[in-house]
Amino acid sequence: MNLLRTSLIAACAIAAPLAMAQNTGKLKVGLMLPYTGTYASLGTAIENGFRLYVTEQGGKIGGREIEYVKVDDESDPSKATDNVNKLVKRDHVDVLVGSVHSGVAMAMAKVAKDSNTLLIVPNAGADAVTGSMCAPNIFRSSFTNWQPAFAMGEVAAKKGAKRAVTITHKYAAGDESVHGFREGFEKGGGQVIKDLSVPFPSVEFQALLTEIAALKPDVVYTFFAGGAAVKFVKDYAAAGLKKSIPLYGAGFLTDGTLDAQGADAADLLTTLHYADSLNTPRDNAFRLAYAKTYKLQPDVYAVQGYDAAQILSIGTNAVKGDLNKKAEFALAVERAKIDSPRGPFMLSRSHNPVQDIYLRQVVGKENKMLSVASKALADPARGCKM
Amino acid sequence: MMTAPEVLLRADGLSRRWGGLLAVDRVSLDLQRGTVHAVIGTNGAGKSTLINMLSGELTPTGGRVELLGQDVTQWSQPRRARAGLGRSYQRNTIYPSFTVFENCRLAAQARTPRPWAWWQDARQCPISMAAAYASVERAGLTDLRELAAGLLSHGQKRQLEIAMCLATEPDVLLLDEPLAGMGAEETERMLLLLAELKTSHATLLVEHDMDAVFRIADCITVMVNGTVIASGTPDFVRNSPEVRVAYLGEH
Amino acid sequence: MKRTDILFIVLAFAALALYPLVAEPYGIDRVTKIMVFGIFALSLELLVGSTGLVCFGQAAFLGIGAYAAVLLSPQDGPASLLWLLPASMLAAGAYALFMGALSLRTRGVYFIMVTLAFSQMAFYVVHDTPLGGGTDGIYLTNKPMLGTLLDLDRSVPMYAFTFGCLLLVFVFLALVLRSRFGRALAGIRVNEQRMRATGFPTYPYKLAAFMISGAIAGLAGFLFAVKDGFVNPELMSWHLSGEVLIMIILGGLGHLRGALLGAFAFAMLQEFFKSEAIFGDFAKHWHLGLGLSIILSVALLPRGLVDVPQQILLRLLGPRPKPPGTATQKSPP
Amino acid sequence: MDVATFLIQCLNALQYGLLLFLVASGLTLIFGIMGVINLAHGSFYMIGAYMAYALAPIVTSTFGGGFFATLLLGLVLAVLLGYLLEWAFFSFLYEREHLQQVLMTYGLILVFEECRSLLLGDTVHGVAPPDMLAGTIALGQMMTYPVYRLFISGVCLLLALGMYLVLTRTRIGMMIRAGSTNREMVQSLGIDIKFLYRIVFAAGVAIAVFAGMIAAPVSSVYPGMGNSVLIICFVVVVIGGIGSVRGALLAALLIGVVDTFGKVLLPQASGVLVYVLMALILLWKPDGLFKAG
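Residue numbers (our numbering), protein chains in the order written: chain A, 2 to 387; chain B, 169 to 419; chain C, 14 to 346; chain D, 223 to 515.
Watch out, some of these pointers could steer you wrong.
What the hints assert, rightly or not - Derived coverage of chain C by chain B (criterion: at least 3 residues anywhere in the stretch with Cβ under 8 Å from a Cβ of chain B; other residues may be distant):
1) 192–203
2) 212–226
Said to hold, decoys possible - Some chain D residues flagged as far from chain A (calculated, every beta-carbon gap over 10 Å):
3) Thr227
4) Gly257
5) Leu341
6) Leu380
7) Ala400
8) Phe417
9) Leu418
10) Tyr444
What the hints assert, rightly or not - Counterexamples of contact, computed for chain A against chain D with all Cβ distances above 10 Å:
11) Tyr69
12) Asp92
13) Ser133
14) Pro137
15) Lys160
16) Lys171
17) Ala215
18) Asp260
19) Ala261
20) Thr281
21) Ala290
22) Val320
23) Arg350
24) Gly365
Honestly, the hints are just simulated from the structure, not real lab data.
Cβ coordinates follow ideal geometry from the N, Cα and C atoms, glycine included.
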């Protein structure tokens, strides 16, 4: 065995120059996204956005052609370490892109940190990814759960609301979002009188809606996504609460779900780092290109995928394709202004976007931008020692 | 009757109630070593309930059970079995996927369970192996020892039931219709076996085959609707007017 | 057990032992994880295949073993394997004892559902409370050490250690199943009523099986946590309890090698249908292939994958009359 | 909690319980009576919900529309589906070990879920309730109650009553129940047990699909919706006692109460309460509330 190991090491030593040569070969991008299950459509949107940017660059980034390797993460954190290892150890990807589910992203962050592989998170908002887990090789093109929630807290307080109730699924993302809202709301002089939660993945809200009616708060803040968001918005309207107590939410409440929610979502206010009618030349160009390529309207997930590719592009260009120069890569990304369809943004020291959070209102089938709720909002990045 | 017979199992005023129905009503009986005590009665007379209470599968709602002089009314079935109570079932309850020998060996193992000795091969257990060999031979199944029990004929399965019962080396045998569904030849063989076992055991026999019962039993108890209407020697029972009316008359 | 079966098992273990010599780092990692699931499947096989107790909450033991490994590890340095490993198994075994003591009062489908209930309770404790890091999971920062002998942070030692555990568990279970205890469990599976009539107090036997099974699942959980360095509530979810059940049914109930075969086959099938090299863009619909092959295996292999050699012989040679005695099932492995 | 709120919560509990019964009722047939541990039950429910979404436009364009026409078409398709599935995948499994059926239904879940993804995509959809049931009624000063939810409750009660009557009062119901306890006996009476099983399976699938279609306007339609109801369905059937319709109804209502008030009064433990309830009931009554018979 020892003999074999020595010969293996020797073989690696010989192969090392070959590996160097790879820096001018294809750039391998490992997409670890959900392609099955509840978040499948989000995974597809992110991939579409990513590919769109790469296509716009002529299929090359930093002078290197892009090769994709895909893994379905099934939104299952218990399989996440194996899945990400597949990309890192088997396929030897140069950069990891993923994922949607926070638990999966946490597992990815650990592997990325341990193996010193570049990781760009295109959605998962877990505060810890750019908080306690922050690292020079970990970037995020999306948001932290704290960001839109904090902005919404400020908005609610500014609108004169004094007493708020929050409601969310009982899981980390929901808790983080609710905390963000509380922070913003209480800073503006409001008070959260009760945090309600539904066990994940139950979507039976009726009991808590009755509770809300009994509490009679000035405003309700909520964090739901996907199927639960659709059901919550419909149930909220059907229970007659929409007329009397304004419902505010993190933007996912009404993103990608408006078709399903129909009239029940009309006029809802949400905050997010993207909106449907920004009407900037940059965004219009993006939307046109996206619609042309995929015969679909883009959403916030597509933008996040697109910007993940931009981050990769900026860094890779700066190191001229040599991704081993992690420090230079990070430095370039940290200094760059990323020209996102959502509006230009920069990355914070912890590598999370410092971005405008928009206040949006549902009009028809669109999340129309009303105003900038919070200008260049940066996540506090608690626990980040970088 | 001899003086001071050795009573191994005694039922004293046993009753069992199912809701409003009194399935067994204050039944008392003694089982002595060296005798066969038969319980007969129509279907639904409460024979099976009685045997289940004696073996401990059912707890009685009234009365008590004594095994070898001890009150065992509150004992579980396994505990009674270990104390020397063996039973066979009306329907075959063998382990069909095991060999005939393994059926008996597993039964014998109950005497020396030693479950903590996980590194020892069960087939290296001298006590259960010896008991199994003996019981297989006694039941006349030696030639079929390595056959899967499920492949035996019906009569052979009944024999295996008895063999498994014997493997635990009981003092008391509770046999629930051991002759059910057997041909004439098989019945004859079984009766020989029972006669042989009789001397060393106290046997309770629940049986429908009247000829066999009157041939082998030393004492017969007749049950109707959960109560004992007659109990005594075969001659006494045969001549009892109540039995003639209630049971044999209908037969 | 037939001689060919023993040969198969020996060859399989030999292949596993030699695998790291030829494998890529990823392959070593992957097979390590499959072996962990092999141990997990073996633990369930003791209950389902050998004792006839269909437990639908096995993931709880896995999760408790894994969480124990993480939560009991000191923050400031690596723990010693010598106490952390037994402690994790003990934690899982203790929960199994509790769960078994109550759920063994019920039978059949009710038993299945009560075990599910108890595993869901454990799931919600880690899912809904900050105890184990909540839904985002928790990291194992310092992997346990055995002096300087074993560095479980590296792939090959981890592989070797897992392989050793698997081998030990397999041998242990094989011995247990042929011991008096194991034969009594087999008797309970086939005919519990008869066992009681013969004088076996079946409840403590079943409870002991439950506890052993839980502790072994806890071992799998410990290995999982050490290998990944990350545990998450999903480890306790009913999906995983279901998947491991699927593994052992797929492999073939009543055989220890069936559990191993099932764990490997289940992983390989997923790997195969997820492979973009073979299916291209359709690989994202890998559930379809997996589902169809499971359905096919039910249709063609009534006794699971362990039956494959016999089925092949049957197809090649045509049906043969069985010589008397071949239907015997002397010892399950 | 004041009296009005308490009463509304009771209504919520009742309504949720009935909805649970609706979702679980198909399982009482396939699981409770045939003894098949049907993990694919959630998939049938999912298929129903997607039918409500996908068939509606087709029905509108060909027959001029209508919620109830869609429902009818869905039911017909469901019976066919159930009949075919039993013939193709289950008819040869009854003699086998029970767990083989588990494996089979697990395979079916994967196939159904993937076919759904291939045919209809992965996005969330809403389904509108029929116009005549789209209104709401006032409840207290602040809240309103959707008429459609009341309609569902009514449908559930009717379904429960119907199943109960069919199983206990009709000839086929008696045959089904006899077949569940003693196959040989039914066969010896000259009844084609295979055909009987096929009917029961088809009926079970049809009820699950029906439940999905009815519930779609309330629950909306999304990937993975089948899996999320699967376990709770088993809980309902098992608490009630396998094979018992009234048991399932009672169990569903009980869960409705525990879940509704649990969320309000014991929010920290709300996820686990249902399972605690099940464990307690089964430890108290190891055969469920109503033993089938």
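Leu341(D) clear of chain A by more than 10 Å, beta carbon to beta carbon?
-> Holds, since 14 Å exceeds 10 Å.
Given as non-interface: Thr281(A), which should sit over 10 Å from chain D by C-beta = About 27 Å separates Thr281(A) from the closest Cβ of chain D, which puts it past 10 Å; holds.
Report holds if the minimum CB distance from Gly257(D) to chain A is greater than 10 Å, and violated otherwise.
-> holds, 29 Å
Can we confirm that no CB of chain D comes within 10 Å of the CB of Ala290(A)?
-> holds, 21 Å
Exclusion check [Arg350(A) not at the chain D interface, CB over 10 Å] = It holds; Arg350(A) is separated from chain D by about 36 Å at its closest Cβ, greater than 10 Å.
Examine each Cβ of chain D, and state whether all of them lie more than 10 Å from the Cβ of Ser133(A).
-> Holds: least Cβ distance 25 Å, greater than 10 Å.
Can we trust that Ala215(A) is non-interface, i.e. its beta-carbon lies farther than 10 Å from all of chain D?
-> Non-interface label fails for Ala215(A): nearest chain D Cβ at 5 Å, not farther than 10 Å.
No chain D beta carbon within 10 Å of Pro137(A)'s | At about 35 Å from chain D, Pro137(A) clears the 10 Å cut-off, so the statement holds.
Grab the minimum beta-carbon distance between Ala400(D) and chain A and tell me whether it stays above 10 Å.
-> Consistent with the label, Ala400(D) stays out of reach of chain A, its closest Cβ about 37 Å off (over 10 Å).
Minimum Cβ-Cβ distance from Val320(A) to chain D exceeds 10 Å = holds, 36 Å
Hey, is Lys171(A) genuinely clear of chain D, shortest beta carbon separation above 10 Å?
-> Its Cβ does come within 10 Å of chain D, the nearest being 7 Å, so this is violated.
Please confirm whether Ala261(A) is truly not at the interface, meaning its C-beta sits more than 10 Å away from all C-beta atoms of chain D.
-> Ala261(A) not clear of chain D: closest Cβ-Cβ about 4 Å, inside 10 Å.
The structure does not agree with the numbered hints 3, 10, 16, 17, 18, 19 stated previously, though it agrees with the rest.
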